[in-house]
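Participant: Line by line, the protein sequences are chains W and X. Here the first sequence stands for residues 1 to 255, where the numbers follow the numbering used here. Here the second sequence stands for residues 1 to 255, where the numbers follow the numbering used here.
Where hints are given, some of them may not hold.
Since the list can't tell identical chains apart, any single copy or any two copies may satisfy a pair.
[Said to hold, decoys possible] Below, in silico cross-link-like pairs of lysine-lysine (DSS-like), each with a Cα-Cα straight-line distance of 25 Å or less:
1. Lys67 to Lys228
2. Lys116 to Lys195
3. Lys252 to Lys234
4. Lys195 to Lys119
5. Lys211 to Lys67
6. Lys146 to Lys195
7. Lys251 to Lys116
8. Lys20 to Lys146
9. Lys234 to Lys251
10. Lys252 to Lys116
11. Lys234 to Lys248
12. Lys211 to Lys2
13. Lys252 to Lys67
14. Lys67 to Lys251
15. Lys116 to Lys211
16. Lys146 to Lys2
17. Lys211 to Lys119
18. Lys234 to Lys211
19. Lys248 to Lys67
Hints are computed from structural coordinates only; laboratory data are not their basis.
There are 2 protein chains.
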Amino acid sequence: MKIVCLGSGNVATNLASAFKTSGAEIVQIWSKTLANAQALASVLKSQAIDNLNEIDKDADLYLICIKDDAIIEVASKLTELKGLVLHTSGATGMDVFSNLSLTNYGVIYPLQTFSKNRKIDPSTIPLCIEADSEETLTKLRSIAAKLGPLIYQVNSVDRKILHLAAVFACNFTNHLYQISADILERNHLDFDMLKPLITETAAKVQSALPKEVQTGPAIRNDELTMRKHLQLLKSTPELVNIYETLSKSIKKTYL
Amino acid sequence: MKIVCLGSGNVATNLASAFKTSGAEIVQIWSKTLANAQALASVLKSQAIDNLNEIDKDADLYLICIKDDAIIEVASKLTELKGLVLHTSGATGMDVFSNLSLTNYGVIYPLQTFSKNRKIDPSTIPLCIEADSEETLTKLRSIAAKLGPLIYQVNSVDRKILHLAAVFACNFTNHLYQISADILERNHLDFDMLKPLITETAAKVQSALPKEVQTGPAIRNDELTMRKHLQLLKSTPELVNIYETLSKSIKKTYL
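Working from the sequences, and respecting the hints, build out all of it.
Facilitator: Here it is in structure tokens:
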């Protein structure tokens with residue numbers, strides 16, 4: 001399978017690498033910044049381009065891994081292609097492709113968090129797929145299966161819901177980790193001490209629902225401890241606000 | 001080593017079980033509700049009591065695992081003991097013991113989240129210890145070492161900071177998991193789909209600082225996606241508030 005990867009960021013790096021490992025050939029990496037394309041292309045033994053007119057017309061798959069608001073512009077320049085065109089965005093409908101002159105298209109949304117310098121086992125990535133026809137879906141399903149077994153057929157509406165849920169479960173969660181790291185750093189305590197707790201908190205909800213394993217002062221309605229915590233946070237009103245907002249939400253859940 | 005465990009909740013269950021596994025004898029479980037003491041005592045082959053006057057005076061260790069605001073009352077009734085008295089609370093200073101007639105005392109605070117029906121490998125629990133004297137500290141260190149290698153000497157001020165950081169990294173994080181589970185449930189989507197993302201988000205910060213691996217629309221300042229998300233949340237004003245509060249905090253961090 002010959003793949004052109006459009007984009008060179010976190011998602012592009014991880015998905016293109018995963019396809020390469022599965023045996024596909026990454027024939028081109030396109031980026032509007034050639035140096036970025038070159039950086040990824042050199043790893044994947046691929047050609048780096050920054051001009052969409054130079055796109056290989058004979059690839060089997062065109063994988064668009066770029067900012068949401070740039071998808072339509074880039075896709076509109078992908079003409080005379082027989083290969084399958086996919087975007088990888090959680091928040092973008094498949095209809096972004098519908099008025100373009102594409103032969104077949106769809107979406108492969110990896111429900112995972114990617115960083116360039118961290119490899120993820122592709123078999124642990126849930127792949128949410130959607131296609132313009134049953135025929136394309138069959139093709140897409142077999143392409144996704146090269147990466148891993150966690151394949152879900154998800155329409156554009158549900159994909160947006162998953163993306164929203166992922167913001168809470170991943171992006172906001174990581175920010176809470178950061179707040180805790182900052183609190184420790186300001187007090188010359190080592191973030192390493194919190195790592196087993198972070199691991200266990202995530203491990204618990206693999207086999208139980210989050211609401212079954214909620215712990216802490218808010219669910220116990222332990223007002224004394226919460227007041228002490230707010231006292232410790234008083235020099236950072238923003239953290240007071242986050243603490244109060246989340247504690248109130250926890251209390252409300254278990255009323 | 002003979003241990004009396006005061007309390008029968010999540011912390012008591014996990015710590016007493018871990019000590020038992022390490023070879024200690026749990027001679028008594030006290031709870032103000034006898035049935036609760038009996039439930040744990042039957043598992044640990046221990047005596048259940050609900051009267052503090054019946055406490056075994058010859059134990060080596062008295063482990064207080066009860067609500068923070070009940071510690072002083074229970075501890076004040078522990079008289080004529082030669083054994084070491086420890087509480088396990090993050091938010092409570094060691095000075096809660098200082099005006100009582102205890103021979104030696106201290107704190108062993110397990111920086112972990114516990115649920116009764118989930119066993120944790122004790123070797124992965126950071127144990128924060130504090131003692132009333134160097135002599136007691138030496139004794140406490142050797143007791144803690146029976147459970148695992150992650151032993152930190154932490155004073156009462158720093159312990160409260162760790163407890164606060166743990167609320168963000170664990171209790172609030174679990175609540176975000178729950179919000180994401182609720183969002184999926186309302187839309188008939190399976191929480192299982194988010195589990196690999198939750199695992200990876202926690203795994204990332206084991207080897208990188210959270211601020212190095214933050215992803216999502218807020219850090220990209222992707223206003224379009226954030227507006228779409230707020231639109232999806234509009235029937236739940238409380239979630240709109242949490243979304244806006246945390247997004248604003250992320251944006252501010254990376255300005």
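Participant: Could you run down the list of hints and mark each one as holding or not?
Facilitator: Taking the hints in turn, this is what the structure says about them:
1. Lys67 to Lys228: Only across copies: Lys67 and Lys228 sit 15 Å apart there, 43 Å inside one copy, limit 25 Å.
2. Lys116 to Lys195: both (22 Å within a copy, 21 Å between copies)
3. Lys252 to Lys234: Both: 24 Å inside a chain and 18 Å across chains, each within 25 Å.
4. Lys195 to Lys119: both (20 Å within a copy, 18 Å between copies)
5. Lys211 to Lys67: Between copies only: 21 Å across chains, 34 Å inside a chain, cut-off 25 Å.
6. Lys146 to Lys195: between (33 Å within a copy, 21 Å between copies)
7. Lys251 to Lys116: Classified as between: cross-chain Cα gap 21 Å, same-chain 38 Å, threshold 25 Å.
8. Lys20 to Lys146: Answer is within; shortest intra-copy Cα gap is 10 Å, inter-copy 48 Å.
9. Lys234 to Lys251: both (21 Å within a copy, 21 Å between copies)
10. Lys252 to Lys116: Cα proximity of Lys252 and Lys116: across copies only (23 Å, versus 39 Å in one copy).
11. Lys234 to Lys248: both (18 Å within a copy, 19 Å between copies)
12. Lys211 to Lys2: Neither: 45 Å inside a copy, 36 Å across copies.
13. Lys252 to Lys67: between (37 Å within a copy, 21 Å between copies)
14. Lys67 to Lys251: Between copies, since 18 Å is at most 25 Å while 37 Å is not.
15. Lys116 to Lys211: between (33 Å within a copy, 14 Å between copies)
16. Lys146 to Lys2: within (13 Å within a copy, 57 Å between copies)
17. Lys211 to Lys119: between (31 Å within a copy, 18 Å between copies)
18. Lys234 to Lys211: Between copies, since 23 Å is at most 25 Å while 29 Å is not.
19. Lys248 to Lys67: between (35 Å within a copy, 20 Å between copies)
When held up to the earlier numbered hints, the structure conflicts with hint 12 and nothing else.
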